[in-house]
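Given the structure of chain U, go ahead and fit chain S onto it with the hints provided.
Chains U and S supply the protein sequences, listed in that same order.
Each residue of the first sequence is one higher than the last, beginning at 0 in numbering that gives the first Met the number 0.
Each residue of the second sequence is one higher than the last, beginning at 0 in numbering that gives the first Met the number 0.
Worth double-checking, as some hints may not be accurate.
As the list makes no split between identical chains, a pair holds if one copy fits it or if it spans any two.
Unchecked claim - The list that follows gives simulated cross-link-like pairs (lysine-lysine, DSBU-like), each with its CA atoms no further than 35 angstroms apart:
#, residue 1, residue 2
1, 517, 718
2, 522, 47
3, 533, 517
4, 171, 183
5, 490, 533
6, 762, 521
7, 216, 360
8, 553, 6
9, 577, 360
10, 603, 490
Derived by calculation from the structure, the hints in this document are not laboratory data.
Letter by letter, the chains look like this.
There are 2 protein chains.
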Amino acid sequence: MPSLNHKWIQQLIDHKLSKELMKGQFGLEKENVRVDRDGRLAITPHPKAFGNKLDNPYIQTDFSESQIEMITPSFDSIDETYRFMEALQDIVSMELDGEFLWPSSNPPQLPEDHEIPIAQMNDPIEDNYRAELADKYGRKRQLLSGIHYNFSFDERFLRQLYETDIGHKEYKEYKEFKNAIYFKVARNLLRYRWLLIYLTGASPVFDKTYIERCVAKGEPLDPNSVHFPNMNSLRNSECGYRNEKPLYVSYNSMDEYVHDLTELIHAQQLLSVKEFYSPVRVKTVKGEHPLQELVHVGVAYLELRFIDLNPLFKIGISKETMQFIHLFIVFMLLKKDEPFSVEDQKLADLNHDQLIMEGIKGCLHDHDDDGATMEKTALICIEEMQEMVSLLMPMEKEAYLHILDKEKEKILHSELSFAAIVKSDIQESSFLSYHLDKAKQYAKESAQNGYRFVGYEDLELSTQLLLKAAVKRGIRFKMLDRDENFVLLTKGDRNEYVKQATKTSLDSYSTVLIMENKIVTKKVLQQHGIRVPKGEAFQSLEEAMSTYPSYLDKSIVIKPKSTNFGLGITIFNREFSKEDYQKAFQIAFEYDRTVLLEEFIAGKEYRFLVMGDEVVGILHRVPANVVGDGVHTIEELVRDKNKDPLRGRGYKTPLEQIQLGEAEEMFLKNHSNSWRDIPQSGEIIYLRENSNISTGGDSIDFTDEIPDSYKNLAIQAAKAAGATICGVDMMIDNIEVEATESNYSFIEINFNPAIHIHCYPYKGSNRKADEKILDLLFGTNTD
Amino acid sequence: MPSLNHKWIQQLIDHKLSKELMKGQFGLEKENVRVDRDGRLAITPHPKAFGNKLDNPYIQTDFSESQIEMITPSFDSIDETYRFMEALQDIVSMELDGEFLWPSSNPPQLPEDHEIPIAQMNDPIEDNYRAELADKYGRKRQLLSGIHYNFSFDERFLRQLYETDIGHKEYKEYKEFKNAIYFKVARNLLRYRWLLIYLTGASPVFDKTYIERCVAKGEPLDPNSVHFPNMNSLRNSECGYRNEKPLYVSYNSMDEYVHDLTELIHAQQLLSVKEFYSPVRVKTVKGEHPLQELVHVGVAYLELRFIDLNPLFKIGISKETMQFIHLFIVFMLLKKDEPFSVEDQKLADLNHDQLIMEGIKGCLHDHDDDGATMEKTALICIEEMQEMVSLLMPMEKEAYLHILDKEKEKILHSELSFAAIVKSDIQESSFLSYHLDKAKQYAKESAQNGYRFVGYEDLELSTQLLLKAAVKRGIRFKMLDRDENFVLLTKGDRNEYVKQATKTSLDSYSTVLIMENKIVTKKVLQQHGIRVPKGEAFQSLEEAMSTYPSYLDKSIVIKPKSTNFGLGITIFNREFSKEDYQKAFQIAFEYDRTVLLEEFIAGKEYRFLVMGDEVVGILHRVPANVVGDGVHTIEELVRDKNKDPLRGRGYKTPLEQIQLGEAEEMFLKNHSNSWRDIPQSGEIIYLRENSNISTGGDSIDFTDEIPDSYKNLAIQAAKAAGATICGVDMMIDNIEVEATESNYSFIEINFNPAIHIHCYPYKGSNRKADEKILDLLFGTNTD
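Pulled out of the complex, with its shape left as it was, chain U reads as follows (with noise of 0.2 angstroms):
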C-alpha cells in the first residue's frame, strides 16, 4: 500500500529542497497516423519538407511511413514542453495537404496489413529491423499511436539531496546514488502504472478494420467500430502494443537491468533493447549502445510509454494531464519502497490488464490480498499526494489539491474518466466522424497559428517563422538571447548564428555598414552604374541657382530638408524657366536652412526583398483602408476588416487592426467623410495618409505581377551593396511597363527587411522566405 517516507519529507523541508524537488527537465513525444479527408489511413510518403527522416531531430516517422512522430527537445517546464507540443503539431498540420493528424491512439479505418507502409529510412539496419517487426507484431499492431513523457530530476536537487542524510550515507558515489532513485521510482510507477492508465486511457473503441482476432472479442458499438465493455486504452490492453509474453526485468539496480536485459537478448528473445516494450523505461543519453551507455553515464531520465493520445485535446494531453504525470513521479520517489521482485511483476501486470478489463471498481491484487479495491488505493494515493502537496509545495498547493480533486473525481465517478468521454462523445456520432471531425477542427487551429511559433510568441513574427521552418526540416535552435531574437542554428556540425531573423552569416560586416548610411549606399550604387536619384543639397540660394543649367531638362523636386505636409516642396516636370526655378527655392528656403533637390521620378513604391540571387517576393503597401458595400457605414466596414485573424494589436500578428481612433477620424474629416457614412459599392475609403502597416495598412503581395526588369535591378542593387539579403525599396512609375532609363527609381536598401509580411500579406500568398534563408544558411531541403 502507498505509505509516503516522512523521514525523507522531512529530510527535504530541513534541506529547504521543497522548491528544487519540483524543478525537472520534460520531454514529450508522440505519434499520429496520417489519415486522408475521409479519415483513411493516408499511405503517402511521409513529407519532404520534413527532411531526412533520421536527421530531423523534431518530427520522424515512427514504425509506418503514414505515422509521424514528433519530439520535442527537453525543457525546464511543462508549460514549454507543453506549447512546444503544440507548435509541432502546427507545424506538421500545416504542411500536410489534405492530410489530418489522426487524433485517437487508436489506428483508424486500416488497409489489408501488407498495403501499410513501413517507413522507408533508406538504412539498412533500420528498414530491416522494421520488418522484422512487421512479421513479428503485425503492421496493425505497430500503428497504435501514443505519448511517450519523459522526465528528469533536476540535476542540481539530486546532488543536494545526495548530500543529505538520503544520499551520501549510503552510497559512495553520487552516480549510483542518481541510479538508485531513478529504478526506484520506475519500480513504484510500474506498480502503480494502473492508476495512471486508468486516468489516462481515452482509446476505449477501436475501427472494426484493426486486427480480426481483437474485433472478434469486442463488442460493435457501431457498424465499423469496436469496443470492451471497460477497457479504457487498447493500445494497454493484450490487443495493444506489448511484447509476444511477458518479459521480467529486474529493477532492482542498474546492474540487474542491464543484465537482464542483455540475457534476453542474448537469448534472441528482443531484436535490440528498443524492443523491450515496458510502460517505463530508463534512459540515459543516445548512443549506439544504449545499455553500455546506462551503465557508463548512469540514467538521464524515465520515459512514461502508456499514455494514451486523447482526442479530446490537440496536441493528445492535457497540461493538468501533464501536471498530475508530474506529481504522481514525484509521489513515487517519496513512497516507501517496496520489493518489486519477478512475483511483484506478475501482480503489477495483473493490476494493468485487470484495470483494462474492469476498469478502476475491481479489486487490487497484491502479496498480502487484503481484499483492498483498486478504487480504495487510488483513493489512498490522492490523499497520499495531497499530503505531500501540502507538507512541501506551499506556493502552489492550491493549483495542485485542484488537479489532485479532479483526479479523485475521476476515481469516483468513473463516467468522468477521459475513456468514458470518448466513448460517450463516439456513441453521438460515430468512430470514424468522432476522430475526423476532431482531427480537422485541430488542423484548422494549427492554421490559424500559421504565423506564429506557439510558446516563442514574445520573439519577432519574422524569428518565429524562421525558426518553425527550421523545425519543419530538422535544424535544431537554441535561444542565445530571447530578448534579441538572436538563436543558434544547428544541423549537423553546421553552426549560423542568426539574429532577427535575416542578421546573419551571409552578409559581412561592411556590406551591413553600407546599407546602414544612406550617403554611403547611394554612392556604392552610383559606382555600381545604378541609377539613384540624383540630389545636392544647398545651403544658400546663390549656390542652388549655380546649378540650373545641370536641371532644366530634368523633372525635378526642390523641397526643404524637413518638411511636413508637403509644404515648400515644388515638382517640375522638364519644362521650367530660371525664374521658376529660384521662386521654388526660395519658397523651400522658407522652410528650412538646407534645400534638397532631388530628380522626381513619379510612382509607387515597392518593397523588394532579395535573398541570394532571387527576389523572394514584392510588397506594396497601401493605407488603411475599407472597401464600401453600398450597405455597411465605415466604422462597421472597419470592424469587419478588424475581425481577420492576421490582424491584431502590438505587432503579434502579421497586420495590425485599424484603429477608430482621432487621427483616423480627422483623416475622414479631412476628406469629407464620417465614421457613418456608407460608401458606395467597390468606393475604397482611405483612414490614413501613410501607407505603415503599424497603423493599419494593407500588405499587398506583387511578386508575380512586377516585370523581371524590375526584379533584376533590385538584385544589382543587392549585389553592388554586397548584399546576400535585404529589402531594396524603389519607386516604380508604371509596373506595366519594363524598366527604362527613367522610370523607376531607387528609395534605399535595408539590411534587416522584414519576412514576416511577405509571408502572410493581407493579399497574396506565402512567399516563404523564411523558408529561403534557410536554404542559403544550409542548402536546400532536399531528401
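Coordinates of chain S only, in the frame set by chain U:
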C-alpha cells in the same frame, strides 16, 4: 604686354561667376632622389613596401631606381593637395631605412653615369624607353627632379562660362570651347613662364659630379659645387631637362597641337609624346594613346612642368607658391589673347634662357622690342593681378594681395628670391651639408607625423594609419563618409569597404552581433569548449544559497551587480564555509537587488589583437604614472613625461597627456603624496586608479613576452566567434607561466579594436596592425 580682358571680367561679374572662377582641381607630382646618410645617391632598390612600381598610383619611380616619384590625386583645394603631398612625403620618408629624400632639384653627389641605376620596371616597353632616354640624354640629366603642378578649372564653371557671351557665340560645342580655353592659358603660360621660373626657381648650385660640360661652364662655389652667377634653376637651364634641340609645336588649337606632335614622332624626333619636354602640357585622362584620347575626350587639365623642388620647404613647395601659381593661371585666362607663332615661341624660349642666365634685370624680348625690361613687365603683371583680385575676389582679396605683395618684393629685390636665399644659405655651409641637413630635418618631421595622416587628422587614428598604409602600397582610397571614417579601398578590380579601420568584409554580420552581445559571446565560447569565468546572477539569498555545493571548492567573487569602489565584494579562495558563503551574499545584497557570483581569476588584463590566424599585438595598460629619479618632483616628472610627442589632448595622438587635475591630486593625496614630493629613483608613482589611455595611462607592448599558449587561446576564442579581426581581453595570472586550466580567463571579445595603440605604444615596437589589415583584405604586399 599683359593686359586684362575687361570684357571677360564683366561677363564673369554679370553672371556671378567670380566664385566659380577660383574653383578648380589641383594635383602635384614630384620627384626626389634618394640619398644615403652621407648625401650620396642611394643605389639601393626602390623599397618593396611601395608595392609594384607600375601599380602604385601614389608612389612610383621615375627615370632612375633611386628617384621616387610622389603623385597626389587631384583635389578641390590647394590645401588638400598640399597636405596630401606632405603625407606622401611622410609615408615615403618613414619607409626609408638610413636614406633620405634629397630636397633639391639638382642631383646630389653622383657616381659615374653608368653606375646610376635605371628603374627596373619589369615591363619591356618601360625598360626600353628608359634605356633610350639614358642613351639620348645621359643618366645624370635624368636625375634632375622637380614638381609638376596640375590644374583644371571647375567643370561647372567652364560650362557656365560657355553659356555666357564668351562661349556659345563663338564655339558650337562645349568641348571645343573648353579646349580653346586651355590652349589659351597654355600659350600665355609659355609666353610668361620666365616670370614663374624666376619666382619658383630654387636650384642655383649643383654638385661637381654633375655633367662635365656643365660643370666646366660654371664657377666653383665650394670645393664640391658649382654655379652660374645669375642662374636660379639648373633644371630650367640649357644644362637642364629639355629636348636635345628646340621643338616647336603649335598651341593654337587642338588640331594643330596633335598634328605637330604626331609629325615629330613620325620623324623620330621624339620617342613618344612623353618625351616632349614642354614646360606646359595639355593633358587628358590617362590612357594607352594620349594623343588619340586628347582629341577624343578633350583637354582635362594643364601640367606646369618647370617648378623646382624648393629645399626651403619640406615638400619642395610652399602653399603660398601654389596659391600664386593658381592666381597666375587665372590671370593667364583673363589676359587678352596674343598670337603665338613659332616666332613667339622662340621669343618665349629666349626670354626663358635669358632669365636663367641674367636674372630678372634683363630686357624682355618681344616683337615690339619696345625696350621693356623683365622687371618692369613682371611688375605690370603683378599690378594687373592685383586689379583682377580686386575686381573678382572681394572675399579673399586681402590674402591674395598679401601673396602678390610678397612676390613683388622678390621682383624688386632679387636677393629675396628663393634661389638667392638658397645660394646664400649654401654659401654659409656647403651644397652637400645644406641639403643633407634639410633632408634629415624633414625626415625627422615626417617621423614625428608617424601616427598621423596629414590632411586627414579629423579621422580616427586607426583610420589614419590604415589609409597611410594603403597609400604606401598603392591601394587607392576614397572617403565615403568622412565623419564615420567610412572609406573605399581599391586595388585593381578589388573594392573593399572599411569603416573605422577594422569594420570590414572580413567579418560576417553574425560574428559582429555575437561579439556585441556579452551574454551570447560567453555562450558561444562555452559551446566551443573555451573557458569563461563561470557566473550566475541571483535575485534572492535563498536562490544563491542553493548553489553552494557547486562552488565550494572554487575561487569565487561575490559582488553586487553594480558596484563602486569595490563595496560589497567578497573574494573567496577555495576554502570557505556555507556560513561564509551566506554572509558574503548578505553583504552583497545590501548594495544591489541582483548579486553576481563569478569564478575569480587573479592577474592582469591584456588586450590581444587577433587578425586572421595571428595575434598581431598584445598590450597591457597601466594607469597614469611617473617614475622617480630622486631629483624631480612628481609635477616636474609629469610635465616631462607629457613632452613625449605621442602624448596629446583629445585623442589626436596615440597617448594622452597626464592631467595635473583634481582627480590626480586626490589620488596622490589618498596615497599620501603631493605634487611637490620627490620620488626616489625608480619609484613608480601612480596618478590614477584606472588604466585608461584616455586619462594618461601607458600602453605597454607584451607581444613578445607572452607565451604562445595564451596566444593560441586568444585565436581559438576569435575563431569560436568566427571573428577575423577582434580584440580579445584576457586576465592572465602570471605571464611567466604557460596557460593552464585555471590561470587565465576571458573577459570579452571586441569587434572594433583600436589598432593605433599597437602601432604606437608607450613602450614597445610598432606591430603594424594597419599593414596586417591590408594583407588580409588584399593579400600580402609582395612586389
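Consistency of the hints with the structure:
For a Cα distance limit of 35 angstroms, the shortest separation of residue 517 from residue 718 qualifies both inside one copy, at 16 angstroms, and across copies, at 32 angstroms. Taking the shortest Cα distances, residue 522 and residue 47 sit within 35 angstroms of each other only across copies (33 angstroms), while inside one copy they are farther apart (45 angstroms). With identical chains, the CA atoms of residue 533 and residue 517 are at most 35 angstroms apart within one copy only, with a shortest distance of 13 angstroms there and 42 angstroms across copies. When the C-alpha separation of residue 171 and residue 183 is checked against a cutoff of 35 angstroms, the pair qualifies only within one copy, where the shortest distance is 18 angstroms, while the shortest distance between copies is 105 angstroms.
Only between protomers do residue 490 and residue 533 lie at most 35 angstroms apart by alpha-carbon distance; the minimum there is 27 angstroms, versus 46 angstroms within a single protomer. With identical chains, the CA atoms of residue 762 and residue 521 are at most 35 angstroms apart within one copy only, with a shortest distance of 32 angstroms there and 43 angstroms across copies. For the identical chains of this complex, residue 216 and residue 360 are intra-copy neighbours only, at 22 angstroms inside a copy versus 135 angstroms across copies, given an alpha-carbon limit of 35 angstroms. Taking CA atoms no more than 35 angstroms apart as the test, residue 553 paired with residue 6 passes between copies only; the shortest distance there is 32 angstroms, against 92 angstroms inside one copy.
Taking the shortest Cα distances, residue 577 and residue 360 never come within 35 angstroms of each other, neither inside one copy (102 angstroms) nor across copies (53 angstroms). Taking CA atoms no more than 35 angstroms apart as the test, residue 603 paired with residue 490 passes in neither setting, with 41 angstroms inside one copy and 39 angstroms between copies.
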